[in-house]
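As they're listed, the protein sequences go chains A and G.
Per numbering that gives the first Met the number 0, residue 0 is the first one in the first sequence, and the count goes up by one each step.
Per numbering that gives the first Met the number 0, residue 0 is the first one in the second sequence, and the count goes up by one each step.
Don't read these hints as lab results, they were simulated from the structure.
Fair warning: there could be bad hints in the mix.
For chains that are exact copies, the list does not tell them apart, and a pair is met inside one copy or across any two.
In silico EDC-like pairs for lysine to aspartate or glutamate, Cα to Cα no more than 16 Å straight-line [as the list claims (entries may be wrong)]:
| no. | residue 1 | residue 2 |
| --- | --- | --- |
| 1 | Lys-9 | Asp-41 |
| 2 | Lys-1 | Asp-51 |
| 3 | Lys-1 | Glu-30 |
| 4 | Lys-26 | Asp-78 |
| 5 | Lys-26 | Glu-62 |
| 6 | Lys-1 | Asp-47 |
| 7 | Lys-1 | Asp-48 |
| 8 | Lys-26 | Glu-53 |
| 9 | Lys-26 | Glu-73 |
| 10 | Lys-1 | Asp-41 |
| 11 | Lys-1 | Asp-78 |
These figures come from a predicted structure and were not determined experimentally.
Protein chains: 2
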Amino acid sequence: MKAVVMVRPKEGILDPQGDAVRHSLRKLGFEVSGTRVGRLIDLELTADDPADAEAQVERMCSELLANPLIESYEILLEDP
Amino acid sequence: MKAVVMVRPKEGILDPQGDAVRHSLRKLGFEVSGTRVGRLIDLELTADDPADAEAQVERMCSELLANPLIESYEILLEDP
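Could you build all of it, start to finish, from the sequences and the hints given here?
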């Protein structure tokens, strides 16, 4: 089973990478009012049961993939 | 208008960050057969027209946000 985890800096948390991207986009002439940069993690799981897979990915996020103090995450399970 | 850009290492391109994540997840006892790590870019655009916004984001990707030699990207436009 495949899963996608989207990790983003929380609202209000400084995002220097996003600021750098916005600055560069504006220099190139693009009109952007906001940019935030996060991480995208594609996982291939051996678990086949969706509920089991989601519970596992939830634990992966809180134990390793995201820092809950400064990041939020979203889990998308893909149909096998 | 908001857009999300998902940038991933292309198939066959080395992904040391993904390898490190897989290694760590296995050490923590999770069963994962594959992991890839990419970037997630949230954009707030001043353009209101979806076709115009998509064309702009497409140009941002090829000019700055992704390296087309080693990365693929996916653009998701969010309804205003």
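Hints broken by the structure, by number, lowest first? 4, 8 and 9
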